[in-house]
Amino acid sequence: MNDTEVKLFENGKRLDDRKPDEMREIKIEMGVLHRAEGSCYLEWGDNKVIAAVYGPREAIPRHTQNPLRAIVKAKYNMAAFSVGDRKRPGPDRRSREISKVISEALENVILLENFPRTSIDVNIEVLDAEAGTRCAGLTAAAVALVDAGIPMKDIPVACAAGKIEDQVVLDLGKDEDNYGSADLPVAISPRTGEILLLQMDGHLTVEEFDKALDLAIKGCHIVSDIQKKAIMEKYQSIPEEK
Amino acid sequence: MTQEKREIVIPSQLLGDVKNKKAGRGTFVENGKIYAEILGILNSNSQYINVVALKGRYDPSENDFVIGIVEDAMASSWLVDINAAYPALLHVNEVPWDVDFGETERYLNYGDCIMAKVLQVDQEKKLQVTLKDRNLYKIKGGQLIDVEPSKVPRIIGKKGSMISLLKKYTKCRIFVGQNGRIWIEGSEDGVKKVIDTINKIENEALSYGLTNKIEELLKKDAKDVH
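Residue numbers (our numbering), protein chains in the order written: chain Y, 1 to 242; chain L, 1001 to 1226.
Since the hints were derived computationally from the structure, they do not count as laboratory data.
We treat Cβ as the ideally placed atom computed from N, Cα and C, and that holds for glycine.
Accuracy of the hints is not assured; some may be wrong.
Cut-off 27 Å, straight-line C-alpha distance, at most; resulting in silico cross-link-like pairs (BS3-like, lysine-lysine) [to be verified]: (1) Lys1055(L) to Lys27(Y); (2) Lys228(Y) to Lys218(Y); (3) Lys1200(L) to Lys1213(L); (4) Lys1125(L) to Lys234(Y); (5) Lys218(Y) to Lys1033(L); (6) Lys1125(L) to Lys153(Y); (7) Lys1151(L) to Lys153(Y); (8) Lys1033(L) to Lys153(Y).
Ranges between beta-carbon positions, derived for each pair [stated by the list, open to error]: (9) Asp1081(L) to Lys19(Y): 37 to 45 Å; (10) Ala1075(L) to His221(Y): 56 to 64 Å; (11) Lys1167(L) to Pro91(Y): 49 to 57 Å; (12) Gly1209(L) to Met232(Y): 48 to 56 Å; (13) Ala1075(L) to Arg86(Y): 49 to 57 Å; (14) Glu25(Y) to Lys1167(L): 45 to 53 Å; (15) Gly1209(L) to Lys19(Y): 47 to 55 Å; (16) Gly84(Y) to Glu1071(L): 22 to 30 Å; (17) Glu10(Y) to Gly1032(L): 36 to 44 Å; (18) Asn114(Y) to Gly1142(L): 31 to 39 Å; (19) Glu207(Y) to Gln1047(L): 31 to 39 Å; (20) Asn114(Y) to Glu1202(L): 37 to 45 Å; (21) Val1018(L) to Glu10(Y): 39 to 47 Å.
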């Protein structure tokens, strides 16, 4: 993996001049789509993600309905133009996996018992990808769910940490992800600190893992503040307008 | 009405302790603390802490008057979309006509609009509506518009103040369903004015003194009419 000439870490700075524990810039806007019940547009560095929530509505096909609670159907999709080489459109192994882990993360915070027999559909569309799209997607989906007025115990949030050239860093960029040695996306429920999603790609020692996990959780709390600010902003502006 | 700003809360926000207050609608309790579960406006004037939703699906409750659209006609019942998460059942016994078995399509068919009353909401959230009440019938003519169900109380106003204003100044017939569907019938200009005004109410639902503001607006427009 490290047979390239790329120097990922120099003089305490990363490729894009970030410090090891510095995140990329995040911009969140809530309520961007008219047809969806809730929506969110998010920019995380050069990632551009749009999330839309539909429902709760009757779950179809019928055999997927649960008479006691709602089901969450998240669908993660990468646009063909979102990556350097054209991505073949349609669901593949990777996007099905991400859809599944995001659905399960969201199921843990939504109060599903309020809507028996329904499904809550979350569509996550990646328009531009630059590493860390599953974190960006989950973060956007959470804001879209709030916008849709769906009752939740918490607003979930995700962030990744990783290892490049024996250094544990926060929020990997594209080259860091491609040529680094590990990536650790984490989603948490910020109020309780519960972990909702944890995946790892690459190799980390136990010490490095602990360090990366702490760093990622710290990152999650930063993102969570941005999320909450974006939600409040949307409604604060209305009474002032007049 | 108090002039202090309406406080907006977001899910997971800490609202209070079960020792001092009771958890009302839109909240949940964990470890003795009360948290908000939806995006909404905080209301903690009484002994309960309530959060009134800003957005979200219509949550049907019994005896609500709603506007439904027929989705399907079955042998002895209809399925009606009332903008809730579930379709509602309308049984032939609950309509004012004498319908023979299998003849349901002659009375109500796909796409027809009805004013209905929510008859029953059971624990599994199975819904039933009825047409057997005063002023409930199949809608013919007029226009139907959709608004956010959470804004319906604002459109009706205190004891119907807002809606009677609208009726007075536009001379339209208006029926506001609790599910966020509004039926309007009247002159072309009148209907247009009602829709514009309702959009305005929806956009400014969070501000105070809205009824007076809307009255002024309608008066100004109506000057040349009177």
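So, going through the hints one by one against the coordinates:
As the CA atoms of Lys1055(L) and Lys27(Y) are separated by approximately 23 Å, the hinted pair is consistent with the 27 Å bound. Distance check on the hinted pair: Lys228(Y) and Lys218(Y) sit about 16 Å apart at the alpha-carbon level, within 27 Å; holds. Restraint check for Lys1200(L) and Lys1213(L): the C-alpha separation of about 11 Å stays at or below 27 Å, so the hint holds. Annotation: proposed proximity of Lys1125(L) to Lys234(Y) is violated, straight-line Cα distance about 32 Å (limit 27 Å).
A threshold of 27 Å between alpha carbons decides the hint, and for Lys218(Y) with Lys1033(L) the separation of about 24 Å falls inside it, so the pair holds. Simply put, Lys1125(L) and Lys153(Y) have alpha-carbon atoms about 21 Å apart, close enough for the 27 Å limit, and the pair holds. For the given pair, Lys1151(L) sits about 24 Å from Lys153(Y) by alpha-carbon distance, which is consistent with the 27 Å threshold. Restraint check for Lys1033(L) and Lys153(Y): the C-alpha separation of about 12 Å stays at or below 27 Å, so the hint holds.
The hinted range of 37 to 45 Å is not satisfied by Asp1081(L) and Lys19(Y), whose Cβ atoms lie roughly 54 Å apart. Checking the proposed 56 to 64 Å range against Ala1075(L) and His221(Y) shows it holds: the Cβ atoms sit about 58 Å from each other. Evaluation of the 49 to 57 Å hint for Lys1167(L) and Pro91(Y) yields a pass: the beta carbon distance comes to about 52 Å. Judged by the Cβ atoms, the range 48 to 56 Å given for Gly1209(L) and Met232(Y) is violated: they are separated by roughly 24 Å.
For the hinted restraint 49 to 57 Å between Ala1075(L) and Arg86(Y), the CB-CB distance of approximately 52 Å keeps it satisfied. Separated by about 52 Å at the C-beta atoms, Glu25(Y) and Lys1167(L) satisfy the suggested range of 45 to 53 Å. Here the CB-CB span from Gly1209(L) to Lys19(Y) is close to 51 Å, well matched to the stated 47 to 55 Å. Look at Gly84(Y) against Glu1071(L): about 46 Å separates their beta carbons, and that is not inside 22 to 30 Å.
Between Glu10(Y) and Gly1032(L) the beta carbons are some 51 Å apart, a value that contradicts the proposed interval 36 to 44 Å. Separated by about 34 Å at the C-beta atoms, Asn114(Y) and Gly1142(L) satisfy the suggested range of 31 to 39 Å. Range check, Glu207(Y) to Gln1047(L): Cβ separation about 52 Å, and the 31 to 39 Å hint is violated. At about 25 Å, the CB distance of Asn114(Y) to Glu1202(L) disagrees with the hint of 37 to 45 Å.
Separation of Val1018(L) from Glu10(Y) is about 55 Å and departs from the stated range, judged on CB atoms against 39 to 47 Å.
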